[in-house]
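Peer 1: Taken in sequence, the protein lines are chains A and B.
Those letters in the first sequence? Residues 1 to 385, by UniProt numbering.
Those letters in the second sequence? Residues 1 to 98, by UniProt numbering.
Hint data in this document are derived by calculation from the structure and do not stem from the laboratory.
Every residue gets a Cβ at the ideal spot worked out from N, C-alpha and C, and that includes glycine.
Do not rely on the hints blindly, as some may be mistaken.
The calculated lysine-lysine pairs, modelled on PhoX-like cross-linking and capped at a C-alpha distance of 25 Å, are [unchecked claim]:
1. A/LYS100 - B/LYS47
2. A/LYS275 - B/LYS65
3. A/LYS265 - B/LYS6
4. B/LYS6 - A/LYS99
5. B/LYS6 - A/LYS177
6. A/LYS314 - A/LYS265
Take a look, some chain B residues computed to stay more than 10 Å from chain A by CB distance [to be verified]:
7. SER31
8. LEU64
9. SER76
10. MET87
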Amino acid sequence: MVKFNKFIILVLLVLICSFVSKSFSQENDSEEFEQNEINIDGGSEAPQDTSMETEQVKVIRKPNNYLLEIVFISIIIAYAVNYFVGQNTNRELIKLWGKKLQPVFDSNFAKTGNKGTFTILKVNASTYSFLCTGRINCFGLQATLDLKKRHDLFSVIMDLVGYGNPDRMTIEIAINKENMDPLVFALVKSKAIKKFKSDNNDVDLFCSKYTGSGISGLASSFGVLCDTEVLPSLLLKSEALQVINQNENLVECMHFSDHSLINPKYPKALRFVFKFPKQSEMDKLALLTKMAIHYIDVVANLELPKNYKAKADKLRDKAKEEIEKQAKLERQEELQKKKYEKKLKEKEAISKLTPEQQRKRDEKEYKQQLKKRTGAGGKTKIVLG
Amino acid sequence: MSDPRKESLVVSNFEMRINTADSKEELEYWSLFCFVFAFTGIIFKYKVCLWTSVVCCVAYLANLKSKDIGARQIVSSVSLSLMGLVMAYFGPNANLFV
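In isolation and in its complexed conformation, chain B is listed as follows:
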């Protein structure tokens, strides 16, 4: 059988699949959970919620794609969950946290 390769038929920037919606949705859920738990932790003074938001934040970071890393969202979710923890342990009202 003849050689099927052909240099002249090379397509530059060939890409077949563009949409990968499923994993993106999951990522959004992780960041959403991170925010929700952080807010409930800060408002109702629950340490459990704050720690859960940190776990969600870690899961969010682990599932990030190298293509769609947006600095703004990462910084906001990480800073919010860390802020909750700092408030719970080093803040002026640290003794209020259950």
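One chain only, chain A, in its complex shape:
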């Protein structure tokens, strides 16, 4: 439904425009009509003047008919102006982000940006992407900056009404440690747990909501999902908890998984989603980014206690078995479907045969059945008595 909000605004705008222009033109029509009447009354003595009158009417009508065009052209101009202003605002925000976070990335990755220098890629006017690689324990990091669509007039209107999305930064990290312990862990806002579960298949498969007392210091607005109960106490140490609690309104979710679906090439991945703070508080985002990078080493070097590790492995084996079972069932269903279709086709072919052909076919079938009954050797069993 959210997707269509913009179009609803557009349709409303169009309806208002057409209504206004119509009502204006009707008013002018009635005026013209009155004028016409007056002219006709006055001009009863001279019937040759009618052509002049119609010309007059045309001249009067023309400027009023341009209202629709003026309204739409002003919308287009407003859109264009807003496009450049919004794009510029977003660019300034990205520049500020780059300025604050460049030292963090430079001190952790050998290659920041695409060309060796610190470059942020523009995907479109409101989405930017930043890549960096060359660090121990990970293949690389991608930061995607989804800003408000300030370049789009309809999105700006939506934002004013209160339906807009906030500026967001998503950090995705691909872990390269092959023998990493199995884990699926997520820290999400309590309200969004249901949606998060439906969006992330791995969480839905392996995780349940943590209700233990291992993370007593965590703010109440967060909920924790994990596959083994030991994970929260291992991953949410007091320092990290402090940072998360201090920036409670900025942290949207943290998701660590060894079955990530972000990119099938990199199944072991970490994902963080943070909201943008005010421009004066950009240091908070730098702090959160530092925390995200710190988690690369924490997750890569995490060692689960033996019994928990066995439990996690068991969960994965079970899931694997279930997937295989489902695949087998699907294959069987497909085979049955094919068989059924084949039978249907045969039936159709029989119905199309002429009676003579049908008789011959029946005979053939009868002979075949007889052969089957008698067996390969041609011996018949006769039961007497």
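With chain A fixed as given, assemble chain B onto it according to the hints.
Peer 2: Chain B only, in chain A's frame:
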């Protein structure tokens, strides 16, 4: 703490996220609306629809991604909406348009 950077671990052409389906869908809606309004405008002779298609076309162009700019679709939507406008104001049956 030791330096975590390592030149030997640089992955060439590293890319984590490939799919960005949401924004693509929205783009398709804009172009679809552009076509629908342009056609209704031309067939039923409504100037309001033609102008709306132009607005949709502008929104479509503004939301394009630098990666997936396809010349064919852009040209078709722009030309259709402009064609409607030209028909409504300079065409032989311009006086029929309401």
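Peer 1: Now tell me if each hint is right for this structure.
Peer 2: Hints, verified against the model:
no., hint, verdict
1, A/LYS100 - B/LYS47, "50 Å, violated"
2, A/LYS275 - B/LYS65, "23 Å, holds"
3, A/LYS265 - B/LYS6, "21 Å, holds"
4, B/LYS6 - A/LYS99, "23 Å, holds"
5, B/LYS6 - A/LYS177, "15 Å, holds"
6, A/LYS314 - A/LYS265, "24 Å, holds"
7, SER31, "12 Å, holds"
8, LEU64, "7 Å, violated"
9, SER76, "20 Å, holds"
10, MET87, "15 Å, holds"
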